[in-house]
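Start from chain R and add chains F and C according to the hints.
Heads up: the sequence lines are chains R, F and C, in that order.
For the first sequence, the working numbering gives the first residue as 1, with consecutive numbering after it.
For the second sequence, the working numbering gives the first residue as 1, with consecutive numbering after it.
For the third sequence, the working numbering gives the first residue as 1, with consecutive numbering after it.
Please keep in mind that the hints were generated in silico from the structure rather than gathered at the bench.
Note that the structure is predicted; figures quoted are calculated from it, not measured.
Be aware that a few hints might be false.
[Claimed, not checked] DSSO-like cross-link-like pairs, simulated, lysine-lysine; straight-line CA separation at most 27 Å:
(1) K24/C <-> K105/C
(2) K165/C <-> K25/F
(3) K105/C <-> K25/F
(4) K95/C <-> K165/C
(5) K91/C <-> K105/C
(6) K381/C <-> K214/C
(7) K95/C <-> K105/C
(8) K139/F <-> K381/C
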Amino acid sequence: MISLGSYLAISFFLFVCGIMVMIARKNIIAIFLGIELVLNASALNFAAYTKFVNHNLDGHIMSIFIIVTAAAEAAVGLGIVIRFFQLRESIHIDDAATLQN
Amino acid sequence: MFSDTLFLLSSALTLGGAFAVLYSKNLMHSCLYLLGSLFGVAGLYACIGADFLAATQLVVYAGGVVILMLFAIMLTGGASNKINKFGLKKIPGMGNFSTYMIAGVSAFVASLVVLKIIADVLKSQGPTNLVANEPTVFKLGVLLVTDHILAFEISSVLLLGALIGAAIISRPRREIHD
Amino acid sequence: MDSTVVTYFSQSNEFHSIVMWLSKIFGDHAGGVLTFTIFAVVALVIVGVMATVGGLGTYAERKISADMQMRQGPNRVGPYGILQFLADGVKMILKEDIVPSNADKFTFILAPILCLMGVFATLAVVPFSSGFMLSDLNVGVFYLVGMASLVGVGIFLGGYASNSKWSMLGGMRGASQIISYEIPVTLTILTIVLIAGGLSFGTIIHGQSGMPHKWFLFHNPFAFISFFIYFISSLAETNRAPFDLPEAESELVSGYHTEYSGMRFGFFALAEYIEVFVVCGVAAALFLGGYNFPFGHSIELAMVQKIGMNSMVAQNISQLLELTAFFTKTLALYYVVIWVRWTLPRLRVDQLMTLCWKYLTPIALFNLVGCAVWMYAFDGKPIYSLIFETAVTAAHH
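Same shape as in the complex, but just chain R:
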């Protein structure tokens, strides 16, 4: 039951869900949720390939870096969202259409 195919299928569904969340939502924070799903899907793939194909731990290292990057991205991104909300009183993605004020 635990095989490379099932892991790839799960991460495929995660990826598609993430993509759909990212496109369907108009709320910046909801888009972040989609990004997290996509990043998790890719990290899961790396770990699965490590286990089933090449047996060295480089995939785990890659997954750790993905998690680190996701954390940094979430921190900075949410900082930007909060700042944007202070300026515009909105977190609708279509409001962030101008470069200045």
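For chains F and C alone, coordinates are given in the frame of chain R:
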């Protein structure tokens, strides 16, 4: 038997959480479903013997990212008026029928591409020779400070930058009158 | 499945006879079924015992505070009022369960369950004794830190979902406090991991011994400072006084659980008391030698060789001694936690954040670096062996 049960539970949690994130109309709830999905992914890591990775997933996501997102949702929750000057509904903006249609189409295209790539693996459901799960912590530590030392250092600089950047960006600035 | 409890029980002869007997019914899976049964039973026992300890925690809190204020404390139900927690529990179950009409119902119901779940999940790795711990994961401490952070999510959600000002403020304070104080906690745990050379509780505890001079607390000066940082930060992480700002009753009515009643409130209270116990147990395991008792296995050997006792019985006795050692150390720390609560006044929010970010975190970082330097410079030797060696060389001259 145990690992099969764990695998089934975690994959159900992961997929159910992901679908619920997609379908929930409430931002807070969809954040909670995301937490469930991330826990499921941690369980999936544990199934294939990636123990350190599973624990990292728990620490970073449950302790850090999800609370951060809940905070952001709460801090951006109260706008004074519901419609802004462009005539857009501000909160929650969780999408409507047309955006879901576009999302469905693009997800369909993306899934075609990805399925084409992973088709060979999905078809070859042969008996994979499972090696026994071993503790990975020691090897990961050695790898991180030998082979991947440059990436490790760069990621630490990235984290420092993110820390300072997030603090500076979200701090309420004094108005500059010129 | 490498579970410590199962490994311990599988040493006995009865285990094998039961496996033989079960294999007639279940065929090849007999060992697995028995493993699962033992695991489930021990997990239930641990959860039950911990729930009782949490209940007794409320009693201890009231009794000790009464002692400090020269009052009687609860003394009506049972001898010395020790059954008070049962009466409270019955009262909580019988109370009406109110969900505010404007509350977010799903989140409101989920929040206390998340809190309790996070705490119970940490019990899987708490080292009660060398045989009686559910699982000796090789990422034990790390797993514990991760699971304990679920409590923060629960507290935050409890505050948010109640849709009340006080709850909201309490939940926000709770989440920010837990997130902030996780950093010094993790850094001090890392200091000990550096000394022990492993993340599992088994490795950490076997690096120490029953006698105090071999505890990691006295390994080097940095570890000594780390203990106090860990203790202070974990007080803040479990929302105990003087850091109980999320439930400050003088400013926010009762913080994040203002709107909760009945058993849901009971879940929050139970989660808090069990978490305090877990945190004290971890402090005992990391710094105070864990379940090691003085003279350790030489007692067991003496019982087998000198008295001629059955080795399994001797092992059981030594397990009991280990349990006693662990509970003694943990409950002593528990007493200190309650003592601190009834002695110190509450901090302000800004003081709380200043303490974390300007004092504890830099000191913890410094400790980590200092400990690494110590391990490199002195080859990982503890301070007592250095003193001992110096004394021996001085005696030779």
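Structure-based check of each hint:
1. At most 27 Å may separate the alpha-carbon atoms for a hinted pair to count; K24/C and K105/C exceed this at roughly 50 Å.
2. For the hint linking K165/C to K25/F, the alpha-carbon distance of about 24 Å falls within 27 Å, and the restraint holds.
3. Taken as a hint, the K105/C and K25/F pair is honoured in the structure, with Cα atoms around 15 Å apart against an allowance of 27 Å.
4. As the CA atoms of K95/C and K165/C are separated by approximately 24 Å, the hinted pair is consistent with the 27 Å bound.
5. A hinted pair counts as satisfied when its Cα atoms are at most 27 Å apart, and K91/C with K105/C qualifies at roughly 23 Å.
6. A hinted pair counts as satisfied when its Cα atoms are at most 27 Å apart, and K381/C with K214/C qualifies at roughly 11 Å.
7. For a cut-off of 27 Å, the pair hint linking K95/C to K105/C stands: about 19 Å separates their Cα positions.
8. Straight-line distance between C-alpha atoms of K139/F and K381/C comes to about 24 Å, which keeps the hinted pair within the 27 Å bound.
The structure fails to meet hint 1 from the earlier list, while all remaining hints are met.
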